[in-house]
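Let chain F serve as the given structure and place chains W and S on it in line with the hints.
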Amino acid sequence: MTTNPVNYIEPTTEELSEGVRLRRKKRVMNFAIDVFLIVVSILMLLPLVFLVANAFKTPAEMLSWPPTIIPRDPTIANFAAVLGETPLLRWIANSIAFAVMSTIAIVATSAIAGYIFGKFRFRTLNILFALFLATAIVPFEVYMIPLYFQAKSLGILNSVWGLLLGYLVMSFGIFLIRQNVIHSIPDELLEAARIDGAGEFWIFLHIVLPLLRGALGALAVLAFFQAWTAFAWPMIVTTTRTSYTIEVGLALFQTGFTVDLGRLSAASATVLIPSILLFVILRRNFVQGVASTGLKE
Amino acid sequence: MLKRKRWIFAILAILPTLAIFAYVRLYPIADTLRLSLFKWDILSKNKPFVGLANFRELMGDHLFIDALVNTTIIAFGVLILTIPMALVIAALIFHRTRSRMAGFYETAIFIPHVVSLVPAAMAWKWIFDARLGPLNALLTFFGIPAQSWLFDPVLSVICIIVLCSWQALGYAVLIYIVGFKNLPVSLYEAAKLDGASGPQSFWYLSIPMLKPITLYVSVVTLVSGFNVYAQAFVLASDAQGAPGRQVRVLVLDMLENSFRNYRVGYAASEAVVLLVIVLGLTLIQFSTLRERGKA
Amino acid sequence: MKNRSAKTRISTRALLMSAAFGAALLSGASAVSAETLTVWSGYPEMAPFYEHVAQGMKAAYPKLEVKVEAIALREHEKRVALGLTGGQDGTTVIELSGSTATRYLENDLLPEAPADISTFVKDPKNFDKFFSDTAGKGGKIYGVPLFRGQGALYYNTDMFKAAGLTAPPKTMEDYSAYAEKLTKRDASGKATVSGWSMRLSGGGQGIAEKFWINMHQYGGAILAPAGDGKWKPNFANEAGRKALKQYLTNIFTTKTVSPEMPADADAFERGQTAMFIRESWVIGDIAKKAPDLKYATAPLPKGSIALPTNLYVAGKGADAKAGWEFAKAANSPENLVWLLQNVGWLPNRSGVDYSAVTSKQPAFAAFVDYPKGYEFFTLPSIGPIEEILTRVAAQLVVAFGDASMAGDDAKIDAFLKKASDEVNTILTREGLGAK
Numbered sequence: 001m002t003t004n005p006v007n008y009i010e011p012t013t014e015e016l017s018e019g020v021r022l023r024r025k026k027r028v029m030n031f032a033i034d035v036f037l038i039v040v041s042i043l044m045l046l047p048l049v050f051l052v053a054n055a056f057k058t059p060a061e062m063l064s065w066p067p068t069i070i071p072r073d074p075t076i077a078n079f080a081a082v083l084g085e086t087p088l089l090r091w092i093a094n095s096i097a098f099a100v101m102s103t104i105a106i107v108a109t110s111a112i113a114g115y116i117f118g119k120f121r122f123r124t125l126n127i128l129f130a131l132f133l134a135t136a137i138v139p140f141e142v143y144m145i146p147l148y149f150q151a152k153s154l155g156i157l158n159s160v161w162g163l164l165l166g167y168l169v170m171s172f173g174i175f176l177i178r179q180n181v182i183h184s185i186p187d188e189l190l191e192a193a194r195i196d197g198a199g200e201f202w203i204f205l206h207i208v209l210p211l212l213r214g215a216l217g218a219l220a221v222l223a224f225f226q227a228w229t230a231f232a233w234p235m236i237v238t239t240t241r242t243s244y245t246i247e248v249g250l251a252l253f254q255t256g257f258t259v260d261l262g263r264l265s266a267a268s269a270t271v272l273i274p275s276i277l278l279f280v281i282l283r284r285n286f287v288q289g290v291a292s293t294g295l296k297e
Numbered sequence: 001m002l003k004r005k006r007w008i009f010a011i012l013a014i015l016p017t018l019a020i021f022a023y024v025r026l027y028p029i030a031d032t033l034r035l036s037l038f039k040w041d042i043l044s045k046n047k048p049f050v051g052l053a054n055f056r057e058l059m060g061d062h063l064f065i066d067a068l069v070n071t072t073i074i075a076f077g078v079l080i081l082t083i084p085m086a087l088v089i090a091a092l093i094f095h096r097t098r099s100r101m102a103g104f105y106e107t108a109i110f111i112p113h114v115v116s117l118v119p120a121a122m123a124w125k126w127i128f129d130a131r132l133g134p135l136n137a138l139l140t141f142f143g144i145p146a147q148s149w150l151f152d153p154v155l156s157v158i159c160i161i162v163l164c165s166w167q168a169l170g171y172a173v174l175i176y177i178v179g180f181k182n183l184p185v186s187l188y189e190a191a192k193l194d195g196a197s198g199p200q201s202f203w204y205l206s207i208p209m210l211k212p213i214t215l216y217v218s219v220v221t222l223v224s225g226f227n228v229y230a231q232a233f234v235l236a237s238d239a240q241g242a243p244g245r246q247v248r249v250l251v252l253d254m255l256e257n258s259f260r261n262y263r264v265g266y267a268a269s270e271a272v273v274l275l276v277i278v279l280g281l282t283l284i285q286f287s288t289l290r291e292r293g294k295a
Numbered sequence: 001m002k003n004r005s006a007k008t009r010i011s012t013r014a015l016l017m018s019a020a021f022g023a024a025l026l027s028g029a030s031a032v033s034a035e036t037l038t039v040w041s042g043y044p045e046m047a048p049f050y051e052h053v054a055q056g057m058k059a060a061y062p063k064l065e066v067k068v069e070a071i072a073l074r075e076h077e078k079r080v081a082l083g084l085t086g087g088q089d090g091t092t093v094i095e096l097s098g099s100t101a102t103r104y105l106e107n108d109l110l111p112e113a114p115a116d117i118s119t120f121v122k123d124p125k126n127f128d129k130f131f132s133d134t135a136g137k138g139g140k141i142y143g144v145p146l147f148r149g150q151g152a153l154y155y156n157t158d159m160f161k162a163a164g165l166t167a168p169p170k171t172m173e174d175y176s177a178y179a180e181k182l183t184k185r186d187a188s189g190k191a192t193v194s195g196w197s198m199r200l201s202g203g204g205q206g207i208a209e210k211f212w213i214n215m216h217q218y219g220g221a222i223l224a225p226a227g228d229g230k231w232k233p234n235f236a237n238e239a240g241r242k243a244l245k246q247y248l249t250n251i252f253t254t255k256t257v258s259p260e261m262p263a264d265a266d267a268f269e270r271g272q273t274a275m276f277i278r279e280s281w282v283i284g285d286i287a288k289k290a291p292d293l294k295y296a297t298a299p300l301p302k303g304s305i306a307l308p309t310n311l312y313v314a315g316k317g318a319d320a321k322a323g324w325e326f327a328k329a330a331n332s333p334e335n336l337v338w339l340l341q342n343v344g345w346l347p348n349r350s351g352v353d354y355s356a357v358t359s360k361q362p363a364f365a366a367f368v369d370y371p372k373g374y375e376f377f378t379l380p381s382i383g384p385i386e387e388i389l390t391r392v393a394a395q396l397v398v399a400f401g402d403a404s405m406a407g408d409d410a411k412i413d414a415f416l417k418k419a420s421d422e423v424n425t426i427l428t429r430e431g432l433g434a435k
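Taken in order, these protein sequences are the chains called F, W and S. The first sequence lines up with residues 1 to 297 when you count with the numbering used here. The second sequence lines up with residues 1 to 295 when you count with the numbering used here. The third sequence lines up with residues 1 to 435 when you count with the numbering used here.
Isolated chain F, as found in the complex (with noise of 0.2 Å):
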């Protein structure tokens, strides 16, 4: 942290008062936080500006020494030829399937568990919530090889469905709807549904879901960009061209016998830009799903 010395340049004007000078004193401050952030962000930024540029050189420039960061004449040839030569779209449409449909999963399995395990205290519910929480802390790693085997006898390598085999449900997303369905979903107001003769399932529908809406919007999000980063999975659940996903096809991209830079880093800021988009439209979302995460306890 910066505090840059105050400055005591112009004492001469009487009226100077503490205050003026303490406000100047923060807005100098202020600035070099601001300058200080600036260069953070920048340089957090600044991998992900060198691959868009370098999806637009020659091979030629590519190579070149001292490295450019603009290039110097812009090229789409490397587009071209990936879109060309891999199922770049292909790939793109498999995640995006992947991550759609384990969302929908996630977030069906969560809102369900999440609320009965938060408004119906059974000590068999209990134990079963134990269980979950308990398995949370699993890496997914430690027990991928047994489910590999479980989706090859299921017959779903290189699908979607394989893919979705791995990402069903997720411990974190029941504990965090568990919560939220605790604090802000009244007793009273079940109870009041009930009286009134509402079945259980009416109430879940028509009562619980519209007022989760803002935490599985969150959760959502959560579970999109989980399954559209996955690598592990997907890498050894699909084995077919075809059925990549993205993370896969360009990691494979490379295995080549040789690498073209160039065509890679095209491909990449192919991926890159959308889910950048994506997450900036989608960043308040997100931001309030990983904040909820911290706020165990």
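Rather than coming from a laboratory, the hints here were simulated on the basis of the structure. Keep in mind the model is a prediction, meaning the values are calculated, not measured. Fair warning: there could be bad hints in the mix.
Unchecked claim - Derived DSS-like pairs: lysine-lysine, alpha-carbon spacing no greater than 25 Å straight-line:
#1 S:Lys170 <-> S:Lys245
#2 S:Lys417 <-> S:Lys232
#3 S:Lys129 <-> S:Lys140
#4 S:Lys137 <-> S:Lys122
#5 S:Lys418 <-> S:Lys242
#6 F:Lys152 <-> S:Lys316
#7 W:Lys5 <-> F:Lys119
#8 W:Lys192 <-> F:Lys25
#9 S:Lys255 <-> S:Lys190
#10 S:Lys316 <-> W:Lys45
#11 W:Lys39 <-> S:Lys230
#12 S:Lys190 <-> S:Lys245
#13 S:Lys129 <-> S:Lys372
#14 F:Lys152 <-> W:Lys39
#15 F:Lys152 <-> W:Lys47
#16 S:Lys255 <-> S:Lys161
#17 S:Lys230 <-> W:Lys45
#18 S:Lys232 <-> W:Lys39
#19 F:Lys26 <-> W:Lys181
#20 S:Lys137 <-> W:Lys45
#21 S:Lys181 <-> S:Lys302
#22 S:Lys230 <-> W:Lys47
#23 S:Lys67 <-> F:Lys152
#24 F:Lys26 <-> W:Lys192
#25 S:Lys140 <-> W:Lys45
#26 F:Lys152 <-> W:Lys45
#27 S:Lys232 <-> S:Lys245
#28 F:Lys119 <-> W:Lys3
#29 S:Lys232 <-> S:Lys302
#30 W:Lys47 <-> S:Lys137
#31 S:Lys360 <-> S:Lys372
As the list claims (entries may be wrong) - Listed next, with one range per pair, are the computed distances between beta-carbon atoms:
#32 F:Phe31 <-> W:Ser224: 33 to 39 Å
#33 W:Ser224 <-> F:Ile182: 23 to 29 Å
#34 S:Ala356 <-> F:Thr58: 35 to 41 Å
#35 S:Lys411 <-> F:Thr68: 40 to 46 Å
#36 F:Phe31 <-> W:Gln285: 34 to 40 Å
#37 W:Phe142 <-> F:Ala81: 33 to 39 Å
#38 S:Pro114 <-> F:Gly155: 25 to 31 Å
#39 S:Thr166 <-> F:Thr240: 45 to 51 Å
For each residue, glycine too, the CB sits at the ideal point set by N, CA and C.
Only chains W and S this time, still in chain F's reference frame:
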């Protein structure tokens, strides 16, 4: 009667989720534990029970030890780099919450966390490139000799730490910002009246009060650090034109053993070791926090 | 392994082939249903070849549908292992190297070839015994040989000229001496163009394979047969020391190459290295990516790796029959010439006239006109071969980074002993070690 009806509804409603959960989570976890005790090779027909033989072999397997050491260094490296930086940056962004730039800071710092791993790693691969990369260009500009980042045994691990920290930072910052927002304002005002400077109240007030958040972020960062895979895969993947040194990490070694050497039982025993480490770390962190909280 | 021989036979063979096609056409016509084949390949550049073969079969199998799925070798091997053990659907023509296939044969996971295919493969006029042996096991034939990976030296003739070199290196000592002369350096003495590109980094077994090729020139091997189906490491010896020392001298003493320098075909095509050892596919790759490059090829001093790749068929019924016909059709002279010309992998079939291609592209000469007594070796057909090579590779990477080993023979010997012991441990674990 009413209670019984509600119980039935609850059980029926939870059943599908429970079934899915049992099938895609509980069963494979149990199966991992089971497989770790077998010589379970994909290709051979007979898959005998071997007790703890896999674990004994792990102890003498220098590739596994190598992977374990690398992974541990990476996980803790990311932790040490990320947490203090995140704390400071979050404090500053929180300080500037009302400025128009706050949204930009948050977005810029968070974007690396949501971009796909592979494109991000590609970008870094170029930055670190020994011959063409801008990092070495910068170094030579200042008269520092260029380094072969992705090839040196020490530097290549550092590269992965930097890449992982770059991605983990945004998440930690965001959680910290939420933490700051939840701190009682009155306490800071009191401190100010007592003449505490900004840095002082950051050090003596914020840090201790954010301890639960620090704990949570540390667990998340460490656990994801132990699962590092894509970064190591991309930075040194098998492209044949001077790809880079393969930094062996646990998940990579595990996948190699199961899908290249077809030794699924052996790979499962590695998974069990990973599980024990992650559980151990979580327990240690929670218990230290609880003790300090009491003291 | 002779590729050039009597042209006269071809015409009769072609006749026989078309007769076979005719017969197939008849049987195909009687079975109305369309055949569907999936071809699994581990070399993306082979995809056009398989499509070309499928195209040629249209006459005999008008309804034949062929889906070619060519992906990176590692991924390919993985899907084969998992596909064959899990009972995949449909009929698949699988491209596998003989050494990899053995594991499947040992566990009865690949079916035997039908009688007519077996006869075709076993006929010494079609395939050298070396190839028919790697396509079978215990006297039975399981696969149809197709192409092989064989190494030769590629060198940049412009750079040779500039360095005053007129002929390719003949001995391993020449290689080191040439590398020194060919290396280009900047003002500080750092190499900017490597004299001899060696595989020094990356993941996986490639490093060990390349090391083996170099060591082979000195008479060593990572694995040598010990009789009775057993194997033993054969590199903790003088050959191993010489080979490793040559690597270390080039890296640390003469500094002609370093791990971070661009390497392999990529670097060669861009003029970033003067010479390197690689298989014949590079010829096709250069033609595509660097058509103006002036280069030539030369046989290695003593001999080369020869890694035969065969086609296997998994499936049943009419589809499987079509699958075997596909494997055979891939070996038609027309298709093989197409393969050599357009892809660059070396066909294994003898009795085919490849001169139309080799005369136009002299770079193929080093692969087909090798000297008398040229010694080939191949990867042993044992289960843990990949694991052994991967582990040796991991050890080698450490050695390539250890400057103190460069001038210290005792240290090199200790290192080789350690690596050799590790190989022995794996062999013993799998019951393959020699007593």
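**Item:** Contradicted hints - numbers only
**Value:** none
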